[in-house]
Amino acid sequence: MAKGTSAEGRPEKLFYRIGEVCEITDTQPYVLRFWESEFPQLAPQKTQSGQRIYRASDVELILRIKKLLYEEEFTIAGARRHLEQEAITRGLPVQGPAVEEPESRALLDEIRQELGRLRSLLEEPVPGLSADPAGEEEGPGNRD
Numbered sequence: 001m002a003k004g005t006s007a008e009g010r011p012e013k014l015f016y017r018i019g020e021v022c023e024i025t026d027t028q029p030y031v032l033r034f035w036e037s038e039f040p041q042l043a044p045q046k047t048q049s050g051q052r053i054y055r056a057s058d059v060e061l062i063l064r065i066k067k068l069l070y071e072e073e074f075t076i077a078g079a080r081r082h083l084e085q086e087a088i089t090r091g092l093p094v095q096g097p098a099v100e101e102p103e104s105r106a107l108l109d110e111i112r113q114e115l116g117r118l119r120s121l122l123e124e125p126v127p128g129l130s131a132d133p134a135g136e137e138e139g140p141g142n143r144d
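For what it's worth, the numbering used here labels the leading residue of the sequence shown as 1, then goes sequentially.
Not one of these hints is a red herring.
Below, in silico cross-link-like pairs of lysine-lysine (DSS-like), each with a Cα-Cα straight-line distance of 25 Å or less:
#, residue 1, residue 2
1, K46, K13
2, K66, K46
3, K13, K67
4, K66, K13
Per label pair, the in silico range of CB-to-CB distance:
#, residue 1, residue 2, range
5, E84, V31, 19 to 25 Å
6, E73, K46, 29 to 35 Å
7, E84, R117, 37 to 43 Å
8, T89, K66, 17 to 23 Å
9, G19, L118, 36 to 42 Å
10, R117, G19, 38 to 44 Å
11, Y70, A43, 18 to 24 Å
12, E124, G19, 49 to 55 Å
13, I18, E123, 43 to 49 Å
14, E84, E12, 25 to 31 Å
It should be emphasised that the hints constitute simulated quantities derived from the structure, not laboratory data.
By construction, the Cβ of each residue, glycine as well, lies at the ideal position given by its N, Cα and C atoms.
Starting from the given sequences, assemble the full structure and let the hints guide the process.
What follows is the structure, given as structure tokens:
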């Protein structure tokens, strides 16, 4: 095995673009996008520009899905149930990677703090502004 390649012969990288994944798995981009909608475990990350980037574990999952569908002739629903059962057996989460990744958790905490700060700013009275929704203060000089 060459340095920087996996046991399957694909280059070892942190992330793969959709074209690379299509080449590695011998599938079309529309198939991958469809599988993403059918298999909650398959949830590639997206760049700021919206381009999908897949981890090595995503590529392994795609190869597993492909084997279940094309070689073992599972239906989509059957393959989904089979993968869910495998995850339960191995003690893995059944759904895709939710917001459990540390970076996502930290970002969510930061957003919550900022929203709390903004909420408190909105609740503070503004000096010189009336509490009257019409914006008119009643007083001796404001009578018509």
